[in-house]
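Asker: Sequence:
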Amino acid sequence: MTIALTGCGSNDFRTDGIEEVRVSESDGFSSFQERDVITYDELEDVKVFADMIRNTEQQPGVVNMATPEYDVEVQYQDETVDRYYVWLGDLGMPTSIMDVNDTHTVYLVPADVTDELIRLLEQG
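Its first residue numbered 0, the sequence shown is counted upward by one per residue in the working numbering.
Quick caveat, the hints were computed from the structure, so don't treat them as lab data.
Heads up, a few of these hints could be off.
[Stated by the list, open to error] Okay, derived cross-link-like pairs now, EDC-like style, lysine to aspartate or glutamate, Cα gap no bigger than 20 Å in a straight line: (1) Lys46 / Asp11; (2) Lys46 / Asp101; (3) Lys46 / Glu56; (4) Lys46 / Asp98.
Please read all numbers here as calculations on a predicted model, not as lab measurements.
Build out the structure end to end from the sequences listed, making use of the hints.
Answerer: And the structure:
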């Protein structure tokens with residue numbers, strides 16, 4: 000199964016051709032957690048992560064963040080992979096994400112997408 004979505008967030012993150020998303024609790028910035036991974040490959044689940052990536056708004060300035068809560072790996076149909084660090088917000092609050100290849104920039108995800116992420120992660 001592959002999902003192809005396009006969007007208009009303030010980023011250049013890719014959301015087309017997502018095949019699956021892998022999530023794990025983060026060990027921090029130095030490594031990407033490969034143990035205790037939950038894989039999401041159902042269309043409705045993948046859409047939530049695509050919404051997370053597509054609807055981000057870049058925040059100004061260089062950031063200094065606490066240890067991430069989650070490592071998120073997005074695998075595409077063409078076998079490429081993108082990875083993000085995620086700080087999950089509370090219900091009704093934004094979530095923060097960061098591309099692992101650019102740890103000086105943080106993006107905020109809208110509160111409605113945070114609520115969907117919480118629902119999905121609690122099911123996992």
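Asker: All hints, please: hold or fail.
Answerer: A quick look at each hint next to the structure:
{"no.": "1", "hint": "Lys46 / Asp11", "in the structure": "holds (18 Å)"}
{"no.": "2", "hint": "Lys46 / Asp101", "in the structure": "violated (24 Å)"}
{"no.": "3", "hint": "Lys46 / Glu56", "in the structure": "holds (18 Å)"}
{"no.": "4", "hint": "Lys46 / Asp98", "in the structure": "holds (19 Å)"}
Violation of the numbered hints given earlier is confined to hint 2; every other hint is satisfied by the structure.
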